[in-house]
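A.B. asks: Protein chains in written order, with this note's numbering: chain X, -13 to 251; chain P, 13 to 289.
Because the hints were derived from the structure by calculation, they are not lab data. Be a bit skeptical, because a hint or two may be false.
[What the hints assert, rightly or not] Below 20 Å or equal to it, Euclidean Cα-Cα: the simulated SDA-like pairs (lysine to any residue) are:
no. : chain 1 : residue 1 : chain 2 : residue 2
1   : P       : K86       : X       : E122
2   : X       : K26       : P       : L223
3   : X       : K176      : X       : L57
4   : X       : K69       : X       : A79
5   : P       : K209      : P       : R232
6   : P       : K209      : P       : L223
7   : P       : K104      : P       : Q149
8   : P       : K210      : P       : R251
9   : P       : K133      : X       : K69
10  : P       : K104      : X       : K69
11  : X       : K26       : P       : K103
12  : P       : K133      : X       : A79
13  : P       : K133      : P       : E100
14  : P       : K103      : X       : Q31
15  : P       : K103      : P       : E76
16  : P       : K103      : X       : P27
[Said to hold, decoys possible] Listed next, with one range per pair, are the computed distances between beta-carbon atoms:
no. : chain 1 : residue 1 : chain 2 : residue 2 : range
17  : X       : Q(-8)     : P       : E273      : 43 to 53 Å
18  : X       : G220      : P       : K103      : 34 to 44 Å
19  : X       : S211      : P       : Q162      : 53 to 63 Å
20  : X       : V20       : P       : G165      : 51 to 61 Å
21  : P       : L223      : X       : G220      : 29 to 39 Å
22  : P       : S164      : X       : G215      : 22 to 32 Å
23  : X       : L239      : P       : S80       : 28 to 38 Å
24  : X       : L1        : P       : A96       : 29 to 39 Å
Keep in mind it's a predicted model, so treat the numbers as computed, not measured. In this text, a Cβ means the ideal position worked out from N, Cα and C, and glycines have one as well.
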Amino acid sequence: MELASQIGGSVTDGLAYVGALARLGIRAAYFTFVAPFQGKPLRMQRAVSQAMQVGVGALPILSLITFFIGLILALQSAYELRKFGAITFVASAVAISMTRELGPLITAVIVIGRSGSAFAAEIGTMKVTEEIDALETMAIDPIHFLVTPKFLAMVVMLPCLTTWANFMGILGGALFGVTQADFTVVTYVKASLDALFLRDIASGLAKSIMFGITITAVGCHEGLSTGAGAEQVGRHTTRAVVVSIFLVILVDLVFTALFFFLSAG
Amino acid sequence: MDQTENPAQQPEAMISLRNLRVSYGDREILHGISFDVMRGETLVILGGSGSGKSTLLRTLVGLERPSSGEIWLKGKNIAAISNAEMDEIRKKIGMSFQGGALFGSMSVGENVALPLREHTKLENPTIEIILRLKLDQVGLAGFENYMPSQLSGGMKKRAAVARALAMDPEILFFDEPSAGLDPIIAAGVDELILDLKKAFHMTIIVVTHELASAFLIADRMVLIDKGNVVAIGTTQEMRASTHPRVRQFLDRVPEPEVSQELDYLQMLTEENRRPSR
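If we strip away everything but chain X, and leave its shape as in the complex, we get:
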């Protein structure tokens, strides 16, 4: 009975948490799509500067990591494929696994580490130093002022970063293809493109938008629920990273399953 009530309690807590994330997302959506027509303009300048931090700032590390991931994928799939003399299928194996799965996922994990944690730490620190209270006493809604630009930046930048990650991953695969199989760069890229359908790329990008929403909601929610004291900022920043990674994988599973059954039906 004890166990059952504990499981029940955890499920209730989890649902309440997701509910809080959804409320945050809905408020941000209101400030994005409805409020601008009621005389409360969007803060494009803040959104652009956030987009620079989230997107452009992540490019070097993202390029390096996804290039390596592409290379690793090529090595791992070649290990199996060469047994069947099918080493030329390395190109399609890398292209499909990058665009459908690893591109969006690796991008999300890097963005969680760079930006999701930064959102939680920034908002959490503002909470501790009474800056959030100061916004409220100035009749400025913190969701409008702080959270909405972050949502906008993430929803726009994550698909862009994912596209770049896909490209770099295929390039990493090409390094293997050109040196270890009988590809040139041109034939490798052509083989990759031939293997890809639009729906592979689109489903990956659709997932990346969902990841962006999830990461922002968790980061901002953790920041806003920071209590008093500096050690709270650290705790909620850590929580933001752990919960984001978990929820991104969960969202990934749900959408991958959805796409699987939709394309089968």
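Given the structure of chain X, go ahead and fit chain P onto it with the hints provided.
C.D. replies: Just chain P now, kept in the frame of chain X:
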């Protein structure tokens, strides 16, 4: 509760508290606070740590919702109005936070200009002029391009006051204006409050536990203890008060220590018996 006009309100009362109760969870912090703040006066809310004075201030600016009671401010009961109505009232009040609460990612100038950019349709050149005027008023002329991290504690407080003044508020709130400042800088902040009072006849409400500063700036004082109003009156009345709690606070007498060994033993064991969480 849905009446928004208060017929009983005195014409000169700027803020009227009536039986105000505030709780965090099940713990009640303020147990029925009632007093008036008159237009143009400087009221100092005195109290020790944990007395509830900061909670009272947070409730007055709408950061906490009271569990019951009324707060009449500009003819509205802010305990029972919507967020949109509260935002309208917030544009008429200014608040200076304990640590300044300046936005670290913006320059001092951007901090002061923020409420103007958010709530007015003024052109940039006009905002620049207001901004320089406000910074000059708090003695920070020429500092608009500094980042908050480059300012000292006293300058941060002054910048925060400039931001609180940006919208020409009718009521100005201060949370612990001299906390964390050395005596000379703290005296400078007191001087600034006195200047504002003289120049604008603003209604000023200050929460503090600094007695010297309180007696210097106050017209009237309220002493809060354990969530209740102990005494209210002018500085002379407070000095002359014979109320034991007021005397204890003003004469800086520490809480009587547990003298009896038996009491001490009992206190220790009771602590033990309390269910741990």
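A.B. asks: Hint by hint, say whether it matches the structure.
C.D. replies: To see whether the hints hold, each was checked on the structure:
1. P:K86 / X:E122: holds, 19 Å
2. X:K26 / P:L223: violated, 44 Å
3. X:K176 / X:L57: It holds: about 17 Å lies between the C-alpha atoms, which stays within 20 Å.
4. X:K69 / X:A79: holds, 15 Å
5. P:K209 / P:R232: OK: K209 (chain P) and R232 (chain P) at ~13 Å, within 20 Å.
6. P:K209 / P:L223: Measuring from Cα to Cα gives roughly 19 Å; hence the hint holds.
7. P:K104 / P:Q149: Given pair K104 (chain P), Q149 (chain P) holds - Cα atoms ~19 Å apart, limit 20 Å.
8. P:K210 / P:R251: Not OK: K210 (chain P) and R251 (chain P) at ~24 Å, beyond 20 Å, violated.
9. P:K133 / X:K69: Between K133 (chain P) and K69 (chain X) the Cα gap is close to 72 Å, so the pair fails against 20 Å, i.e. violated.
10. P:K104 / X:K69: violated, 77 Å
11. X:K26 / P:K103: Within the cut-off at roughly 16 Å; holds.
12. P:K133 / X:A79: The given pair, whose Cα atoms are some 57 Å apart, is violated under the 20 Å limit.
13. P:K133 / P:E100: holds, 16 Å
14. P:K103 / X:Q31: The given pair, whose Cα atoms are some 24 Å apart, is violated under the 20 Å limit.
15. P:K103 / P:E76: At roughly 17 Å apart (the allowed maximum being 20 Å), E76 (chain P) and K103 (chain P) satisfy the hint.
16. P:K103 / X:P27: Given that 20 Å is the threshold and the Cα spacing comes to 18 Å, the pair holds.
17. X:Q(-8) / P:E273: 43 to 53 Å: Given range 43 to 53 Å: holds, Cβ gap about 45 Å.
18. X:G220 / P:K103: 34 to 44 Å: holds, 36 Å
19. X:S211 / P:Q162: 53 to 63 Å: Violated: the Cβ-Cβ distance is about 31 Å, outside 53 to 63 Å.
20. X:V20 / P:G165: 51 to 61 Å: violated, 42 Å
21. P:L223 / X:G220: 29 to 39 Å: Holds, at about 37 Å.
22. P:S164 / X:G215: 22 to 32 Å: Holds - the Cβ-Cβ distance for S164 (chain P) and G215 (chain X), about 24 Å, lies within 22 to 32 Å.
23. X:L239 / P:S80: 28 to 38 Å: violated, 48 Å
24. X:L1 / P:A96: 29 to 39 Å: Given a distance of about 30 Å, which is inside 29 to 39 Å, the answer is holds.
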